[in-house]
Structure formats: C-alpha cells, structure tokens
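S.K.: Please model the entire structure based on the sequences and the hints provided.
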Amino acid sequence: MNLNLKKESLRKVNETLQSIDRKSNKKIFKISNPDGNHAICAGLKDEIEVTIDGHTGYYCAGMNMNANIIVNGNVGTGVAENMMSGTVHVKGNASQSAGATAHGGTLIIDGDTSSRCGISMKGIDIIVKGSVGHMSAFMAQSGNLVICGDAGDALGDSIYEANIFIKGKVKSLGADCEEKKMNKKDQNTLRSLLKKASINESEIKNFKMYGSARKLYNFNIDNVSEY
Amino acid sequence: MCGIVGIYLKNKKYNSQLGKFLTGMMNNMATRGPDSAGFAIYSSEKKKKYKYSVCSNTDQVKEISKKLSKQVKDIKVKSISDHLIIETAMKPKKFIEILKNHDELSLVGYGSCIEIFKQVGNPKDVVKNFSLEKFSGSHAIGHTRMATESAITTDGSHPYSTGEDECLVHNGSLSNHNNLRRSLLKKGIEIKSMNDTEVAAGYISNGLSDKKSLKETLLDGLKDLDGFYTFISGTKNGMAIVRDEIACKPAVVAETKDYVAIASEFQAMAHLPNVNSAKIFEPEPGKVYSWGK
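If you read the sequences in order, they're chains A and B. Counting along the first sequence from 1, when you hit position 103 you're at 103 in our numbering, and nothing is skipped either side. Just so we're on the same page, our numbering is the position in the second sequence counted from 1, plus 227.
Since the hints were made in silico from the structure, they are not lab data. Please note that a few of the clues may not be correct.
Said to hold, decoys possible - Here are the computed distance ranges between Cβ atoms for each label pair:
# : chain 1 : residue 1 : chain 2 : residue 2 : range
1 : A       : N33       : B       : N238      : 21 to 27 Å
2 : A       : S32       : B       : S296      : 55 to 61 Å
3 : A       : L216      : B       : N501      : 47 to 53 Å
What the hints assert, rightly or not - With a cut-off of at most 25 Å between alpha-carbon atoms, the simulated PhoX-like pairs for lysine-lysine come out as follows:
#  : chain 1 : residue 1 : chain 2 : residue 2
4  : A       : K6        : B       : K351
5  : B       : K247      : A       : K6
6  : B       : K247      : A       : K7
7  : B       : K438      : B       : K275
8  : A       : K196      : A       : K184
9  : B       : K240      : B       : K484
10 : A       : K6        : B       : K355
11 : B       : K506      : A       : K129
12 : B       : K476      : A       : K171
13 : A       : K91       : B       : K506
14 : B       : K476      : B       : K351
15 : A       : K171      : B       : K450
None of these values were measured; they are calculated from a predicted model. No residue lacks a Cβ here, since even glycine has one placed at the ideal position from N, Cα and C.
M.R.: Take a look at the structure:
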C-alpha cells in the first residue's frame, strides 16, 4: 500500500499505520515524499513493514513496537526514540539523539550519527556503520551500541550497564567510562549484532569494548563521609 | 526555539528565484518562530552607491522622501510595506547622522548590496507583506523568531546588521552579552537594542574591522561568546555557519553543484531543486563552514 505525504496529511498516514486490522493481509507499506516531516511512523505497534522513501524530520519511528521500518534517506533528531521492539534501518545519516531512551529493538544506521547517539538507552541495540558525534551513550543504562567508525568527545559519559563496541578511534572518554576486556559472551553478543547489520563477522577482532568503571554510581564505603 | 535559514547560489541561473526559494524556507520554519521574522538579501553590487534599509513608523513616504532629498542629493526611495530602501551615493557616516534626526525612521542595515527587512508577526505573513518571492540576488539569510532574550518588537527581530553589508541570524541565547556590549560600545561599535544577538553581530563587525576574516572572527567567538548558538552570518562575499561546541541548536546543510542551503531543519529545504540528491550533512560543533566568492 502506497501512502503519499504530498497528497495525504501526516496525521492521516500515521493513523492508518497505527490502526492496522490484524486480520488483514496488508502488511507492507511505502511512504513517499516525507520531505523532512516530523514524527513519521511514530507509535506503530503491529508487525508491519514500512519503507520511507526520502529524508525525515524529528522523532521518526519513535516509540516503535514490532514494526520493521526502513528509511531510504537521512533522519532528524531522535530517530527510534523510546523504541520498545522491532527494527529501524536508516540507509543515510542520523541527527542527534538517535535511539534515545529506547528500551528494546534494533536500530541500524548505515551512515553517521551526530551527537548523543544512544543517550540514556535502556536496552536497545544500536549499530552505526559510520561514526558517532560527541557524548554518545551518555548515561546509557542497558543495551549495546556498536560503532564501526569513530566516536567524538566524551563517549559513554556517566554510563551505567550498557556496552559500547567500537572499531575506530575514540576522541575522548566521558566520566566513569573505561575499556573492558571482551570475553566469549561479549564476543558472541557482538557477533550476533554484526550479523543483524550484515557486517562481516571476522571484523570482531578489530573492535574494542567500553563500559562503566562503576565508580560513579555505585556506593563506595570509603566515601561514606560524603553522604 | 527560532528557525534560521540561509541560501547561497553557486549557479547564477537561479538568481531570479532567490526570493522564491527563501520564501519556502521561511514558511516552513514558521512553526519554530511565530513571533517575528526577517531576512537579508544580497544582490549585485552598485558601485559608489549605498542602499540603506530603514524601518519607518509612518505612512507618509512622500513627505519623508521630500524631506530627505532636501538634505541629500540624488536620492531614490523605494517603499515596501513599512520599510524604505534609500539609495544614494552619500557615505554611511554622513547619512546615518542625517537619519538620526528623523525620529520616524530607524536604520536596520546598509551597504552596497544588502537589503534587510524585518517585522513582527507570523513569518508567513511577513514574507507576504514584503513580497519576498519577487526578490532576486546571489545569497540570502532569514530568521523566524520565538522570543526569549528581549521583547517582541522589530528592534528585537533578526537579522542584525552592525556593519556595512554584514548581517547575523541566531538560534540560541548568549549569557555574557551585557559585559560584551559594554566593551564593544567602548570600541565604538553601535549597538541599539538590549538583544543578545545584536551584541554577537557587533562582535563580528569588530573582528572584521580589525581586518580579520569572517572565519577567524567566528572561531574567536567560540572563546568569547558564552551561551548556546547556531549562527549564520552574511557578508557581501558569501555566508558562514558555526555551532557552539555543545551543539544543542540544530543545523543541516544541503549542498549541490548549484547552491548551498542551510536550515534549522531539513523540512525547510525540502522544496529546493534536486535537494534529494544533494550532499546533506550537519555542521560539526565548534567548526566554521563558509561559502562565497
């Protein structure tokens, strides 16, 4: 089914996609002329496939559940923010705060993202084939951020229990973020993530892993006088 | 919030459509700034002539023209909405002194190729009032304002121009503008409003008058201007963009072989020719990008 945003209103298009008749066989949708509009495909909750042909604005595929959304273009701030499950695949670049606060699902970005990718992520898997901007994985709580390119300043600042896998250079680490040794389990996690994004598994050996030094958010008996 | 836009035409074949392109960009950014709007248009330079963009608070254009022509020889006055474009060979120093005696007129900008228009109201209405669609030129910069730092007045609207053929639009706010204003006033830079952006425009004018390039001046600004901002600055030769090092104010650039467009959001340029095949990127924090002759 084709949905043309030049002919139909954004609200109508989103309503159509948000109220899928589960008995119907219509599961594949295409959106044309997104023209940078905001909140395209926000709040989808059914197992459908939507392809967006062009560039989108803010909060594309926000709060996604179950749907598989493909963007043939760039996305603005907060793509897949607060996603619960499903897959979002961006073929171009993403702006700030990609995958912000998302609880689950997979976000694949073929290009680069700007700052704060995976900010406060809570369980999502994010795979960026290019580089990420500054303060990525800021206060990340859970989930995995895979970066095939480089990272900007203050990577993983105030990170909790999320993992960062990176192949390129890290400009600087944020507070309480440190390099970790990858064990078998971590390697298997990374392998399955690379597989999801169709990246050659032999690349695993080129990745480093970063995580929390657990000095910032854990109670330390030596600091008892500070409380 | 505020919306900022800029377009620089590399291919002259689009010069006659500059106003049309900018109209679409401003209209699409109306949601980011519904309080007031303004724009600066750069067209070809007239040798030994100056254009003074003036906001007037009276309808009696004919009388003003008459009064002015008594004081200034060979004067041409064009009236568009509540603005006048006054063309004369008289040099800025002298002419600005004359303007100061006319309480009904306030200068918004001047130079050999710049024209500036700004007005309170929804951007969609403002661009219509000034018939922006009909303008042609080589590059243009626009602003839609959601007021934060000073009142909703024409004075508080962007673009700000504090030097010949210069202009600045700003998305963000500055926190050290009071101190900077004092030091710039001492240096002889004229700043009329209490607005933070006008101080930044004054800062750039001061840098340029010290024979620094626009790029150098904007780089110095990263150290001296405290606050958050995305600036688009125009001169008669072109335009530049810079974002502060935290970069929380958005910007996106689309470049094709024919033009460079900058906007707060991509939707502002979705109507430009062949934009979907343009090179689209977000300016990196703390880096100056410039285009021009």
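S.K.: Hey, K506(B) versus K129(A), does the alpha-carbon distance stay inside 25 Å?
M.R.: holds (18 Å)
S.K.: Between K438(B) and K275(B), does the CA-CA distance stay at or below 25 Å?
M.R.: holds (22 Å)
S.K.: If you draw a straight line from the CA of K247(B) to the CA of K6(A), is it 25 Å or shorter?
M.R.: At roughly 20 Å apart (the allowed maximum being 25 Å), K6(A) and K247(B) satisfy the hint.
S.K.: Given the hinted pair K476(B) and K171(A), is their Cα-Cα distance within 25 Å?
M.R.: holds (22 Å)
S.K.: Does K184(A) sit within 25 Å of K196(A), going by the straight-line distance between their CA atoms?
M.R.: At roughly 18 Å apart (the allowed maximum being 25 Å), K184(A) and K196(A) satisfy the hint.
S.K.: So if I understand the rule, the pair passes when the alpha-carbon distance is 25 Å or less; does K247(B) with K7(A) pass?
M.R.: holds (22 Å)
S.K.: Holds or violated: are the alpha carbons of K91(A) and K506(B) at most 25 Å from each other?
M.R.: holds (14 Å)
S.K.: Range first: 55 to 61 Å. Now tell me if the beta carbons of S32(A) and S296(B) are that far apart.
M.R.: holds (57 Å)
S.K.: Falls inside 47 to 53 Å, the C-beta gap from L216(A) to N501(B)?
M.R.: This hint holds: roughly 49 Å between Cβ atoms.
S.K.: Next pair to validate is K6(A) with K355(B); report whether the Cα-Cα distance is within 25 Å.
M.R.: Holds, because 23 Å separates the two Cα atoms, which is no more than 25 Å.
S.K.: Quickly compare the C-alpha distance for K171(A) and K450(B) to 25 Å and report which way the hint goes.
M.R.: Holds: K171(A) and K450(B) sit about 21 Å apart, inside 25 Å.
S.K.: Hint check: K476(B) vs K351(B), CA-CA at most 25 Å. Holds or violated?
M.R.: Holds: K476(B) and K351(B) sit about 23 Å apart, inside 25 Å.
Violated hints are absent here; each numbered hint is respected by the structure.
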